Amino acid sequence: MVEHRPWNDVIAYAILTLGVFIVAFPVYLALIASTHDAGTVVGGNMPLSPGSQTLENYYRAIFVGGSRTSREPVGHLLMNSFISALGIAVGKIIISILSAYAVVYFRFPFRKTAFWIIFVTLMLPVEVRIYPTYKVVADLHMLDTYAGLILPLIASATGTLLFRQFFMTVPDELLEASRIDGAGPFRFFKDTLLPLSVTTIAALFVIQFIYGWNQYLWPLLITTQDSMQTIVTGIKKMLTTTDELAEWQLAMATAVLAMLPPVAVVVFMQRLFVRGLVETEK
Amino acid sequence: MEKSAVFNGKLLPYLLLVPQLIITFVFFYWPASQAVWQSFLREDAFGLRSEFIGLENYQALFAQPEYYAAMLTTLVFSTLVAVLSLSIALLFATQADKNLKAAPVYKTFMIWPYAVAPAVAGVLWFFMFHPSLGTLARPLRWMGFDWNPVLNGNHAMMLVVMAAVWKQISYNFLFFLAGLQSIPKSVIEAGAIDGAGPMRRFWTIVFPLLSPTTFFLLVVNVVYVFFDTFGIIDAVTGGGPAGATTTMVYKVYADGRLGGDLGGSAAQSVVLMVIVIALTAIQFRYVERKVQY
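Chain order of the listed sequences is G and E. Note that full-length UniProt numbering has the first sequence beginning at 1, numbered continuously upward. Note that full-length UniProt numbering has the second sequence beginning at 1, numbered continuously upward.
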């Protein structure tokens with residue numbers, strides 16, 4: 001700071017504390033609601049301190065499911081979310097590191113064309129072409145499969161651009177040096193480029209894992225069986241009964257479970273996540 | 001920028017590109033072109049026969065009062081969310097940019113809503129403001145405010161706006177903070193030596209230097225409001241009450257899935273594509289011009 005005024009810091013702390021409060025309060029309420037019994041939550045006078053039903057609520061949400069509707073237990077949905085988020089993150093990293101390697105380290109006819117074909121995908125999110133994409137997935141018999149949940153969501157250029165940017169900063173001398181050592185394209189990729197890319201890969205992994213975990217519209221469309229749902233789509237189904245019948249304490253336990261993995265990833269991998277985010281968007 | 005040292009493989013580069021190109025063609029170009037093609041067709045209810053009808057789907061679409069209503073809803077919704085989340089995030093970012101000991105801790109606490117799924121954010125806010133059991137709905141009622149987002153369209157809109165803003169603050173905060181930290185301290189010190197107070201320095205020095213970040217965020221936020229808020233709207237209001245929260249993307253979904261009108265839904269997709277492409281193009285032009293000096 002240029003000049004030091006004591007009240008300046010006080011105001012900053014006050015505003016930031018208010019900010020954290022706003023950001024945290026909805027989640028705090030969900031946590032609290034997931035520890036009470038149904039009557040306390042629905043009664044409209046839920047206390048702001050934890051109740052005693054925590055273990056029972058989470059046990060029921062994960063392993064048993066709701067009592068009033070034939071709903072899948074959340075444990076299974078969590079696994080679906082994990083598989084599709086991992087699939088999206090890993091799949092995207094593999095296809096985009098390979099294509100970026102081709103575009104940056106090789107000269108071949110149609111190189112520019114190939115790059116633009118990939119680049120254009122940045123413009124249209126899957127939401128704009130949902131029904132035609134749905135039809136393609138249905139024709140390929142991929143409804144209710146992990147492939148159907150994963151593949152359409154990795155068809156975009158963000159990863160390719162990120163790796164391309166990174167490869168551009170790798171000094172040419174490294175390639176020359178490994179050439180002198182007699183390394184071909186495979187050895188250079190495996191022994192030199194891949195180890196250098198570890199942080200970029202990790203950053204992209206964090207962002208894509210969260211992106212995949214938080215998908216809603218796409219899984220909603222292509223899963224017809226309850227057993228193939230993800231936890232994010234499952235949570236809404238818990239509330240689609242009439243209001244008084246919805247088991248809010250279980251829905252809130254589910255919300256907490258649905259938030260936990262991606263939030264943990266962001267908090268623990270903060271540095272990588274921020275770096276990757278700022279770099280992909282530019 | 002080009003590499004000076006490269007490999008001269010003949011087949012290998014194509015093999016490296018194949019996985020991404022196949023996925024891009026099958027799941028991007030093919031469906032996107034199908035969306036355009038379908039928007040010129042009329043299909044019967046079972047999808048067995050279709051005939052080419054030219055622009056009739058578009059004519060029907062633009063003759064629909066509901067479509068204009070959805071456009072207006074989208075406009076109101078995206079303006080509110082973008083303006084609110086940008087200004088709130090900027091306020092927090094300027095505070096976190098001050099030399100505070102606890103700034104990193106606050107930063108961690110501010111960014112994690114990024115990781116919360118929009119649909120989950122919607123459910124959290126719905127729970128907080130649920131007309132009969134919401135913890136924050138009670139004080140509203142107690143103050144004599146007849147709060148009911150389930151029946152009142154304006155209340156429903158306020159609720160989805162709040163959830164969408166809450167979800168987006170962390171993202172804007174990160175980019176504003178990065179932007180603020182890239183402003184050289186010497187520029188601000190020079191302002192202080194010239195006798196400008198903190199407020200004046202902010203509006204005449206810092207804010208103009210942040211304008212590329214702000215513009216970038218504006219475009220990203222509008223695209224976010226268009227698409228990512230689908231989960232919030234579907235989980236909280238289902239487009240209701242009486243279409244009050246039906247945005248253009250929600251209408252594509254509703255008309256295609258619930259109404260079975262694939263031609264009309266495809267025409268709407270094409271209109272959306274044009275809007276998003278235009279936004280992206282504007283952003284690229286603007287960003288490129290910024291890069292030149």
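Rather than coming from a laboratory, the hints here were simulated on the basis of the structure. Hints may be right or wrong, so weigh each one.
Distance windows between CB atoms, simulated [claimed, not checked]:
#1 E/R257 / G/G39: 32 to 40 angstroms
#2 G/V278 / E/E56: 53 to 61 angstroms
#3 E/N99 / G/F63: 48 to 56 angstroms
#4 G/P6 / E/V83: 18 to 26 angstroms
#5 G/P6 / E/P184: 47 to 55 angstroms
#6 E/P184 / G/I83: 42 to 50 angstroms
#7 G/E279 / E/G54: 43 to 51 angstroms
#8 E/L136 / G/T224: 34 to 42 angstroms
#9 E/G54 / G/T145: 46 to 54 angstroms
#10 E/R141 / G/E279: 29 to 37 angstroms
Treat the numbers as computed from the prediction; the structure is a model and nothing was measured. Even glycine gets a Cβ: it sits at the ideal position worked out from N, Cα and C.
Hints and how they fare:
no.: 1; hint: E/R257 / G/G39: 32 to 40 angstroms; verdict: 36 angstroms, holds
no.: 2; hint: G/V278 / E/E56: 53 to 61 angstroms; verdict: 46 angstroms, violated
no.: 3; hint: E/N99 / G/F63: 48 to 56 angstroms; verdict: 50 angstroms, holds
no.: 4; hint: G/P6 / E/V83: 18 to 26 angstroms; verdict: 33 angstroms, violated
no.: 5; hint: G/P6 / E/P184: 47 to 55 angstroms; verdict: 26 angstroms, violated
no.: 6; hint: E/P184 / G/I83: 42 to 50 angstroms; verdict: 47 angstroms, holds
no.: 7; hint: G/E279 / E/G54: 43 to 51 angstroms; verdict: 45 angstroms, holds
no.: 8; hint: E/L136 / G/T224: 34 to 42 angstroms; verdict: 37 angstroms, holds
no.: 9; hint: E/G54 / G/T145: 46 to 54 angstroms; verdict: 37 angstroms, violated
no.: 10; hint: E/R141 / G/E279: 29 to 37 angstroms; verdict: 47 angstroms, violated
Hints 2, 4, 5, 9, 10 from the list above are not met by this structure, while the remaining hints are.
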